[in-house]
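The numbering of the sequence shown is my numbering, which starts it at 16 and goes up by one.
One or more hints might be untrue.
Cross-link-like lysine-lysine pairs, in silico, DSSO-like; alpha carbons within 27 Å at most [said to hold, decoys possible]:
no.: 1; residue 1: K79; residue 2: K89
no.: 2; residue 1: K65; residue 2: K79
no.: 3; residue 1: K89; residue 2: K119
no.: 4; residue 1: K89; residue 2: K150
The calculated label-pair distances, taken between Cβ atoms and stated as ranges, are [unchecked claim]:
no.: 5; residue 1: E35; residue 2: L135; range: 48 to 56 Å
no.: 6; residue 1: I110; residue 2: L30; range: 19 to 27 Å
no.: 7; residue 1: E35; residue 2: A133; range: 47 to 55 Å
no.: 8; residue 1: I32; residue 2: V100; range: 23 to 31 Å
no.: 9; residue 1: P95; residue 2: Q63; range: 38 to 46 Å
no.: 10; residue 1: Q33; residue 2: L134; range: 23 to 31 Å
no.: 11; residue 1: P34; residue 2: L135; range: 21 to 29 Å
no.: 12; residue 1: Y82; residue 2: E35; range: 15 to 23 Å
no.: 13; residue 1: I59; residue 2: R84; range: 31 to 39 Å
no.: 14; residue 1: M25; residue 2: V100; range: 48 to 56 Å
no.: 15; residue 1: E46; residue 2: L134; range: 44 to 52 Å
no.: 16; residue 1: V88; residue 2: A133; range: 20 to 28 Å
no.: 17; residue 1: I110; residue 2: A133; range: 30 to 38 Å
no.: 18; residue 1: Q63; residue 2: I111; range: 23 to 31 Å
For the record, the hints were derived by calculation from the structure and aren't laboratory data.
For glycine and all other residues, C-beta sits at the position ideal for the given N, C-alpha and C.
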Amino acid sequence: MGAMFRSEEMSMVQLLIQPEAAYQSVAELGELGIAQFRDLNADINMFQRKYTSEIRRCEEMERKIVYIRREIVKDSVAIPDMPEVIPRTPNSREIIDLEAQLEKTENEIVELSENNNALLQNFMELTELKHVLEKTQVFFSDKSNVQNLEATGGEAANDGKPLGFVAGVI
16 MGAMFRSEEM SMVQLLIQPE AAYQSVAELG ELGIAQFRDL NADINMFQRK
66 YTSEIRRCEE MERKIVYIRR EIVKDSVAIP DMPEVIPRTP NSREIIDLEA
116 QLEKTENEIV ELSENNNALL QNFMELTELK HVLEKTQVFF SDKSNVQNLE
166 ATGGEAANDG KPLGFVAGVI
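Put together the whole structure using the sequences plus the hints.
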């Protein structure tokens, strides 16, 4: 693998490559690590360039990978160590398959995350209702309050403070 030091001999060349072979040629040069590219179309708007859509697809796949990795780290899932060998550049068909797999995985993770949040919310609401029922059961099961209500004909005799129920619709 070549190094890009200032004192190293370099030569500037211009390659004219057929569009069909451009992907494989650039991939091979990139894997060798001995080429540096210059932008000869600096005056053209970024959105008018030929490979803008492919670059956007790659950026979108990178965003999905970052999201998946963040969710894996958040949930403390063990990731097996990969060998240090850098894989070869995938061909265009493999990139399409990878893009579809990433889309599917991201959608599954988003759905699981939404379901998890809904279940946690439901659990908290049910726990709150359980505690309310336990507290009211203790209050209504206290025999002295019930006996006082029966003895006074529905009015509580607790310290001269009336105990009653108010019901209504707003």
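Consistency of the hints with the structure:
1. Pair hint K79 plus K89 holds up; C-alpha atoms about 15 Å apart against a cutoff of 27 Å.
2. Between the alpha carbons of K65 and K79 the distance comes to roughly 24 Å, so the proposed pair stays at or under 27 Å and holds.
3. Between K89 and K119, the direct Cα distance comes to roughly 20 Å. Compliance with the 27 Å bound is thereby established for this hinted pair.
4. Taken as a hint, the K89 and K150 pair is broken in the structure, with Cα atoms around 37 Å apart against an allowance of 27 Å.
5. Separation of E35 from L135 is about 52 Å and conforms to the stated range, judged on CB atoms against 48 to 56 Å.
6. For the pair I110 and L30, the beta carbons lie near 22 Å from each other, so the given range of 19 to 27 Å is met.
7. Range check, E35 to A133: about 49 Å between beta-carbon atoms, so the 47 to 55 Å window is met.
8. The beta-carbon spacing between I32 and V100, approximately 27 Å, falls within the hinted interval of 23 to 31 Å.
9. With their beta carbons about 43 Å apart, P95 and Q63 fall inside the hinted range of 38 to 46 Å.
10. The supplied range of 23 to 31 Å is broken by Q33 and L134, whose beta-carbon atoms lie about 55 Å from each other.
11. At roughly 52 Å, the beta carbons of P34 and L135 sit outside the given window of 21 to 29 Å.
12. Distance hint check for Y82 and E35: the Cβ-Cβ separation is about 33 Å, which falls outside the suggested range of 15 to 23 Å.
13. The hint said 31 to 39 Å for the Cβ distance between I59 and R84, and at roughly 34 Å that hint holds.
14. Remark: the range hint 48 to 56 Å for M25 to V100 is contradicted by a beta-carbon distance near 28 Å.
15. Here the CB-CB span from E46 to L134 is close to 46 Å, well matched to the stated 44 to 52 Å.
16. A C-beta distance of roughly 23 Å is found between V88 and A133, which places it inside the suggested range of 20 to 28 Å.
17. Remark: the range hint 30 to 38 Å for I110 to A133 is upheld by a beta-carbon distance near 35 Å.
18. For Q63 paired with I111, a C-beta distance near 24 Å keeps the hint of 23 to 31 Å intact.
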